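Number of protein chains: 2
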Amino acid sequence: MPTITDVTVQDIRVPTSDELLGSDPFHKKPDYSAVLTTITSSSGKRGISVVFTCGAGNDWVAYAIDQLVPLVKNTTLDSFIEDPGELYQTILNHHQLRWLGDGVFRMAMGGMINAMWDLWAKEVKKPMWKLLVDLPPETVVGCIDWRHLEDALSRQEALAILEKSQSKKSAFEERLKETGVKAYSTAGWLGLTDRKILEKINELKANGFDAFKLKVGQDIKFDKARIQFIREAIGPDVKLMLDANQFWGVDEAITYMKKLADFEITWIEEPTARDDVMGFKRISEALNPLGLKLAAGEQIQSPVIFKQMISSGAIQFAQIDACRMGGVNDVMAVILLASKYDVPVCPHGGGIGLCNMIRHFAIWDQICVAGHSGNQLVEYIDFLQEGVFKNPVEISNGAYGLPSNPGWGLEMEPDFVKNHIYPEGSVWRGRQEPSGVTFLAD
Amino acid sequence: MPTITDVTVQDIRVPTSDELLGSDPFHKKPDYSAVLTTITSSSGKRGISVVFTCGAGNDWVAYAIDQLVPLVKNTTLDSFIEDPGELYQTILNHHQLRWLGDGVFRMAMGGMINAMWDLWAKEVKKPMWKLLVDLPPETVVGCIDWRHLEDALSRQEALAILEKSQSKKSAFEERLKETGVKAYSTAGWLGLTDRKILEKINELKANGFDAFKLKVGQDIKFDKARIQFIREAIGPDVKLMLDANQFWGVDEAITYMKKLADFEITWIEEPTARDDVMGFKRISEALNPLGLKLAAGEQIQSPVIFKQMISSGAIQFAQIDACRMGGVNDVMAVILLASKYDVPVCPHGGGIGLCNMIRHFAIWDQICVAGHSGNQLVEYIDFLQEGVFKNPVEISNGAYGLPSNPGWGLEMEPDFVKNHIYPEGSVWRGRQEPSGVTFLAD
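These protein sequence lines map, in sequence, to chains A and B. Mapping of the first sequence onto this note's numbering: position 318 corresponds to residue 313, and the numbering continues sequentially without gaps. Mapping of the second sequence onto this note's numbering: position 224 corresponds to residue 219, and the numbering continues sequentially without gaps.
If we strip away everything but chain A, and leave its shape as in the complex, we get:
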């Protein structure tokens, strides 16, 4: 019976701000970072998870995960497998930690939970999507904290959604092995020139991509010119999504986006504050009639906010993130909610390790929940794979392939880890501006 013998937590940061990769109106110079949690079992297997952050604060999450170690160390993997809702509930409803709200607490919780799921997948030698696909519906439903969700989706409804797909699962699985899961790419980081963005789009088009996202929000003239330039260069058949990263107020979002309504935009992402359900609803009511749809999720901190966004029609695309909430358990809840309200789940991939994780959720969604969907798009960013992960995500013809390695596929190259450990790694030693709280604050 495998027992957890050790848990290590590492702070890994990449100076992406040097090239403005990942830049948006609020995160102008992010250093894409990962808290890498490794759970070692007495069987020799290792469960791994990543929590993505933008640099400073990566250590806050690492500190928090470290404090959760006593909750898993010396427990058995079997007890986790028997009831994968139990550890989740233990952390979520911890008498004292619960006071901390979401944010760091929920992210740390997700880091630990996701590493346990990875260990489980490794023990049974299945990729994460396959482990999830093979779970009995009752187990999935038992993973979820229903306390504050049942007014929008009951346990019974969730069970029914999952049971409906049981007989079709293997056919869907076979089909997906051929098609993969359709991806889109964020090419238009705020700090890049039009020319550089177009170069990147053309390179991705050659690899089968036909959907791209651009960062917008600070200057309507500039944005109009950029969108026009790119739309003309790539033609009308290519999908364009926009992302404002919460830059606008509610009324401002409506005014701004009305001016961009003619450009055939697939969605506008985060037009306002991440937690402004009623604001999103008002924006949707104003923009949906013009053909503009809303997306959000990468900073939605709890399933309860997702519940409201999805069930009220405030968003038309749900962008789950693999490590913003409390791990697999929370994400499965949101995917089930989205299915009931017919909102496509288009996971967020802009980070380090996120693409590796979200494909599993997208595959599970298509096989077990929403069925194969013509409108699911899974974000892909084309950096921080080669040289970072032992098994980089496989993309062909603009789609994610179905991974076959056990677990999430988050094993990092030892040299990458060694060089990027913060602040001791060689990449950080001797830099003028270390990635910390004071760095880039203005």
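The hints are simulated quantities; they were obtained by calculation from the structure and are not laboratory data. Careful, some of the hints might be misleading.
Anything over 12 Å on all C-beta distances counts as not near chain B; from chain A, calculated [unchecked claim]: (1) T0; (2) S38; (3) R41; (4) V128; (5) A166; (6) E168; (7) K200; (8) K219; (9) G230; (10) D257; (11) K335; (12) D377.
Using 20 Å as the maximum straight-line C-alpha spacing, the simulated EDC-like pairs for lysine to aspartate or glutamate come out as follows [as the list claims (entries may be wrong)]: (13) K253(B) x D146(A); (14) K120(A) x E406(A); (15) K23(B) x E428(A); (16) K335(B) x D246(A); (17) K68(B) x D1(B); (18) K121(A) x E406(A); (19) K276(A) x E428(B); (20) K23(A) x E81(B); (21) K335(A) x D246(B); (22) K23(A) x D140(B); (23) K276(A) x D146(B); (24) K276(B) x D146(A); (25) K253(A) x D146(B); (26) K68(B) x E428(A); (27) K276(B) x E406(A); (28) K23(B) x E81(A); (29) K172(B) x D129(B); (30) K68(A) x E428(B).
Computed beta-carbon distance windows for the label pairs [said to hold, decoys possible]: (31) T134(A) x N392(B): 57 to 63 Å; (32) Q84(A) x L285(B): 51 to 57 Å; (33) N414(A) x P65(B): 51 to 57 Å; (34) Q5(A) x G137(B): 38 to 44 Å; (35) E152(A) x P409(B): 56 to 62 Å; (36) K159(A) x E152(B): 47 to 53 Å; (37) T250(B) x A155(A): 22 to 28 Å; (38) E158(B) x N283(A): 37 to 43 Å; (39) Q5(A) x E381(B): 45 to 51 Å; (40) D205(B) x D78(A): 43 to 49 Å.
On a predicted model such as this, the values are computed, not experimentally measured, just so you know. Glycine is no exception: its CB is placed at the ideal position from the N, C-alpha and C atoms.
Following the hints, position chain B against chain A.
Chain B only, in chain A's frame:
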């Protein structure tokens, strides 16, 4: 020109779980704790703040505040006074930290901001309420992050609210000096017996209190019996409030509270999830016609959630907390929002140091914002004052007095600090069950 020469952050915990003080359905055994931040100025003055937590996790917040020190160390107090919105914006919109969401990040931000405000008050030798009362309306409005609030309250509307009270301020101030600010007390902690609660209520009644709060939610029979017992003992003229601490789902809250509608309940607090604006709205629509009103706020993590709760009629009482959000700046924004929508602000005091802080906000609200209000009630808990704070909050005739000492009045007794520092203090040394992540987790 006073300069910040030093910032210290201390983890202080009290084993309140021994007596079940502070217990509720989710925090069954909290150890009331404080992150004590002390900012020392070259003038010799010290700015102090407290961030309240329930024990485990206090160190997470302490770690986070410690990381913010470079943003204030070696800056001048004058630069803070000149634009008290600047430091707030620097932290809130930090390119990298912003990714962390609310929770620990916003609480840590509040800890640092509130200590800077305290230093300011000390330098000008004013209690915090008086510093706030004397601020020009433009300065108050300049403290606030309006980006995501103006659809509910514009800068101009906030200015108008503040300007309207200017001519009446000194009259209000004189009147309040006589009456104080009406308080209520949470006497009915979940872990206590009916008899013990009644004893406490009678003791507080003798001190002029006529409004009390009880924890409910887990067992309707038990709650009915408790409320009936206490209502009969104290008579019909005394106000009773209930607090479910988010224990129910939306439909459950409606069903449960309908059964308690006959007991003349002033409010039901946190009937469901802290961030479920639409759920609160549905519950309000069902219960308001029965005379039952809703309160929430101690766990509302951002002004944007408050904006929705207040402007949509989802809550009828706004319970700001002094250190859940980003400090004075965020709290002033919520008090102004509440004023426009005629929602009384009834601050949350169940913690350590909270009573000391919230009275200042209540006084500012009454003098400068909402005017003297017949329905404002400020929470008071009658433990952790004597022997803890050098200047315990003064209560007489069921009301908070107007404090005259400079700042928040959070100076702690040196012996209390020494003995309660976690985990080295004498209170914690040698205990079987230290206040940590594993303690009381089940």
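Hint check:
no., hint, in the structure
1, T0, "holds, 17 Å"
2, S38, "holds, 24 Å"
3, R41, "holds, 22 Å"
4, V128, "holds, 29 Å"
5, A166, "holds, 36 Å"
6, E168, "holds, 35 Å"
7, K200, "holds, 30 Å"
8, K219, "holds, 22 Å"
9, G230, "holds, 35 Å"
10, D257, "holds, 25 Å"
11, K335, "holds, 16 Å"
12, D377, "holds, 21 Å"
13, K253(B) x D146(A), "holds, 17 Å"
14, K120(A) x E406(A), "holds, 15 Å"
15, K23(B) x E428(A), "violated, 45 Å"
16, K335(B) x D246(A), "holds, 19 Å"
17, K68(B) x D1(B), "holds, 6 Å"
18, K121(A) x E406(A), "holds, 15 Å"
19, K276(A) x E428(B), "violated, 48 Å"
20, K23(A) x E81(B), "holds, 18 Å"
21, K335(A) x D246(B), "holds, 19 Å"
22, K23(A) x D140(B), "holds, 19 Å"
23, K276(A) x D146(B), "holds, 13 Å"
24, K276(B) x D146(A), "holds, 13 Å"
25, K253(A) x D146(B), "holds, 17 Å"
26, K68(B) x E428(A), "holds, 18 Å"
27, K276(B) x E406(A), "violated, 46 Å"
28, K23(B) x E81(A), "holds, 18 Å"
29, K172(B) x D129(B), "holds, 16 Å"
30, K68(A) x E428(B), "holds, 18 Å"
31, T134(A) x N392(B): 57 to 63 Å, "holds, 59 Å"
32, Q84(A) x L285(B): 51 to 57 Å, "violated, 33 Å"
33, N414(A) x P65(B): 51 to 57 Å, "violated, 25 Å"
34, Q5(A) x G137(B): 38 to 44 Å, "holds, 42 Å"
35, E152(A) x P409(B): 56 to 62 Å, "holds, 58 Å"
36, K159(A) x E152(B): 47 to 53 Å, "holds, 51 Å"
37, T250(B) x A155(A): 22 to 28 Å, "holds, 23 Å"
38, E158(B) x N283(A): 37 to 43 Å, "holds, 39 Å"
39, Q5(A) x E381(B): 45 to 51 Å, "holds, 46 Å"
40, D205(B) x D78(A): 43 to 49 Å, "holds, 48 Å"
In terms of the numbered hints stated before, the structure departs from hints 15, 19, 27, 32 and 33, listed from lowest to highest.
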